[in-house]
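If you're matching them up, the sequences are chains A and B in order. Be aware that the first sequence starts at 1, since it is given in my numbering, and climbs by one per residue. Be aware that the second sequence starts at 1, since it is given in my numbering, and climbs by one per residue.
Worth flagging that the hints you see were computed from the coordinates, not collected in a lab. Mixed in with the good hints there might be a few duds.
Claimed, not checked - Derived lysine-lysine pairs resembling DSBU-like cross-links, with alpha carbons at most 30 Å apart:
1) Lys172(B) to Lys97(B)
2) Lys120(B) to Lys133(B)
3) Lys14(A) to Lys60(A)
4) Lys150(A) to Lys120(B)
5) Lys133(B) to Lys113(B)
6) Lys150(A) to Lys137(B)
7) Lys493(A) to Lys15(A)
8) Lys150(A) to Lys133(B)
9) Lys150(A) to Lys340(A)
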Amino acid sequence: MTTVLPYVNFFQTKKGIFSWIFSVDHKRIALLYLYSILIFFLAGATLGVLMRLELLNPGKDIMEAQTYNQVFTMHGVIMIFLFIIPSIPAVFGNFFLPILLGTDDVAFPRLNLLSWWIYIIGALMALSTLLFGDGPADTGWTFYAPYSVKTGTNVTMSVLAAFVIGFSSILTGLNFIVTIHRLRTPGMNFLRMPLFVWSLYATSWIQLLATPIIGITLLMIVAERVLGVGLFDPSIGGDPILYQHLFWIYSHPAVYIMALPAFGVVSEMLPTFAQRTIFGYKAIAFSSLAIAFVGYFIWGHHMFTAGMSGAARFIFSILTFLVAIPTAIKVFNWVATLYKGSINVQVPLLYVLAFIFQFMIGGFTGLVVGALASDIHLHDTYFVVGHFHYVMFGGTGFAFFGALHYWYPKIWGKMYNKVVANVAFVLLFIGFNTLYFPMLVVGLMGMPRRYYDYLPEFHLPNMISTYGSWILATGILLMVGNLIAGFYRKGPKVGRNPWNGITLEWQTLSPPPLENFDRMPQLPLNGPYDFEHKPEIKE
Amino acid sequence: MEHTTGFVLPNSGHNRDDESSRMGMWLFLFTELLLFGGLFIVYMVYRMLNHEAFLLSSFELNVTMGTVNTVVLLVSSMTVAMSITAVQRGNNALSAKLLAITLGLSLVFLVIKYFEWSAKIHHGLFPGMDLYKALPKGESLFFFLYFIMTGLHALHIIIGAVLMGVTIYRTKKGLINSDNYTLTENTGLYWHLVDLIWIYLFPLFYLIH
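Chain A on its own, in the form it takes in the complex (with noise of 0.2 Å):
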C-alpha cells in the first residue's frame, strides 16, 4: 500500500550543495548552467564595459595596449565558449526539452552531469590564465596562427580549455538527439513536436558533428607550442591559411549553435503571445535543418581576404548568400504568426519584437560582408564587430533574455515585477543599439577592430557607443536584480499556466515535480499550436 502525498516541486526534493552539484535531475542541471553562464555573462560583459571606457578619447584612457588585447580575448572566449554556445540549449534546453516531449529526464541522465563538470573544469582552466603562467592570452579568441604560436602569454592553457569546454558540448547534443529519437510522448511524432525541440535538434548535430575538427586543431596549437612542430607556423614549415580553414570548418557552424536555439525560443514564445498557431510549422522546423546543413559549407567567408582562389572565394560567397533563405523564411513565418493573432503585449514578446528586429540588422549586414566586392573594404573593421554583436547578443542574447522571462515563472513557480522587467527592457533596447549602431558607420569610415587607440575623427561616434554601454549595462543589471528578487521573496505565486501557453510545460505545476509531470501530458488536435483544441488545464 502506497501512501498518496501531494507533489513536491524540484527544489523541494533534497537540500543542500551536494544535493545539486551531484543531481542527475535535468531541471537541476539546467540551473547550474543557469546560475555559472550568468556568472560569466556578467564577467564578460564587465569587460566589454572596459573596453568601451578605454575606446572613450582616442589615446590611452584606462589601459595600456597590451592590457586591451588581453581584454579583448578574454571578453570573447568568455562570452563565445561560456556564455553563448552553451546558453540556450544548455539552460532552456536542458531544462525544456524533456518537459516539452512529454518525459521525466534526458536519455542520459549522468552523462548530462558530466557535461555540466566538463564546462565547470573548463570554465576554470580559462580562468586560471589570470592567475597563473604569463597572463592571459593576447590573440583574439581566434587563436589565429602563427601569433598564437609565437606569443608569449599563456595560449596553451586557454587553448586547452576551449578544447575541453568542447567536450561538454559534444555530449549535451548527442544526449539531446537521443532524447528527441527515444523519449517522445506517445502520439507525438517529429511534425507534432514544437519548433524548439526542432532547432535543438538541428543544433545538437552542429555541436557533434563540428565540436571536434576544433578539438584537435587547437590541439596542434598546442603541440606546435610545445614540441616546435612547423604546423601552421611558416617560419618553421607550416602553413598559416590550414589552421583558418580548420578552425572556421568549427568556427562558423559554430555560429548556428548559437543562433538555431534562439529561433527555437522565439518559435515558442510567438504563439504563445499571438494565441494562434505558428505560421508555417514545417518551413520553419525544415529551415533549421537547412540551416544547420548549408552552415558547414561557408566557412571561406571568414577569410577572403586571407589568400584563396577567386574561384574559391566565389563559391564560398554565394552559399553564404544561400543561408539568408531559410533564415528569411523564419523571419516571414514568425511575422505572418503575428498577423490576425490576438495579441498579449508581456515581457518576453518585446524581447522577441526587439530579436526579430536587431537580427535582420545583423542579417543583413552579414549579407554585406558576406558580398567578396564590399568585404575587402570592411574586413576588419568594426562593421565586422558591430555585425557580429548585433547577430550574438542583439539575436541570441536578447532570445535568451526572453526565453528567462517567458519560462521564468515556469522555472521558479513566481512572477516577476513586470513594470521593473519593461523598464529593463528599454534600457537594454536603447542600450544596445545605441552601443552597436555607431560600430557599424565608424567600421564604414574605415576604424579597424581590435586597437585601443583610433584617429580622432572617429571619436564621436566611439563616444555614443560607450555612452550606449553605459545604458546597457544599467538594463542588465536591472533586469538580472529583479529577476532575483522575483524568487526571492518579493514575486506573486502563479497557476500552472501564466500566459495560457500550449506546449505541454504549462500541463504541469510550477515549479515542476521531480518527475515533471503529475499527470498524463494531453496533446493538442492537430500539431503543437492548435490553439482551437487547446486541451484543458485543470489547476
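Chain A is fixed; fit chain B onto it per the hints.
Just chain B now, kept in the frame of chain A:
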C-alpha cells in the same frame, strides 16, 4: 521521501533502453571519426605540399611490424564480434574468453607499437629531439603526424582495452547476459572503430609510395 500518486510516465529517461545506448554509441563514434578527420585533412594537405619528403620518411617505418599489427587488430575485431554472438546465444563463459583474447591482442598491439616507437625515439626522431630538429621541414611534419596520429590511436587502444576489462568483469559477474548485452555490443562497436582507423593509418604511413 515517498510521494507517489500511482502515475508513472511510460517514456521515462530512467528506464533501461538498449536502443538509446546503441544510438548514443554510434553518435559518439561519429565524433571520433571527425576528431581523426581533422588530422587526416592536415595529413592530406601536407602530403600534397611535401610529396617527396613524405615518401622518403615513409621508408623509415618498419612495414613488417605494421603488417603484424594490422593482422593483430583484424583478428581482435573478429574475436570481439564472436564474443557478442556468444553472449547473444547465452554462452557467457565463451563470451568472456573471447573478450579476454581480444584484450590480449590489444596488449600485443601496444607492445609492438612500443618497440616501433622506442626505435624511433632512440634515433631522436620524436618532435623536439635533436635529429628531429635537424630534419628538413617536410620530413619533420611526417614524423610529427606519425607520432600524433598513431599516438592518438594508441590512446584509443588503451581506452578500448580498459573497456574490454570492464566488460569481461561484468560478464563474469553475470551482469551481462543474453537479455542485457548492450555493453558488450558498444565495446565491440568502439573496438571496430579503433580497428577501422588503423586500417587507414597503416597504408597512409607505411605503404603509399
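For each hint, the structure was consulted:
no. : hint                   : result
1   : Lys172(B) to Lys97(B)  : holds (10 Å)
2   : Lys120(B) to Lys133(B) : holds (14 Å)
3   : Lys14(A) to Lys60(A)   : violated (53 Å)
4   : Lys150(A) to Lys120(B) : holds (28 Å)
5   : Lys133(B) to Lys113(B) : holds (23 Å)
6   : Lys150(A) to Lys137(B) : holds (18 Å)
7   : Lys493(A) to Lys15(A)  : holds (21 Å)
8   : Lys150(A) to Lys133(B) : holds (17 Å)
9   : Lys150(A) to Lys340(A) : violated (60 Å)
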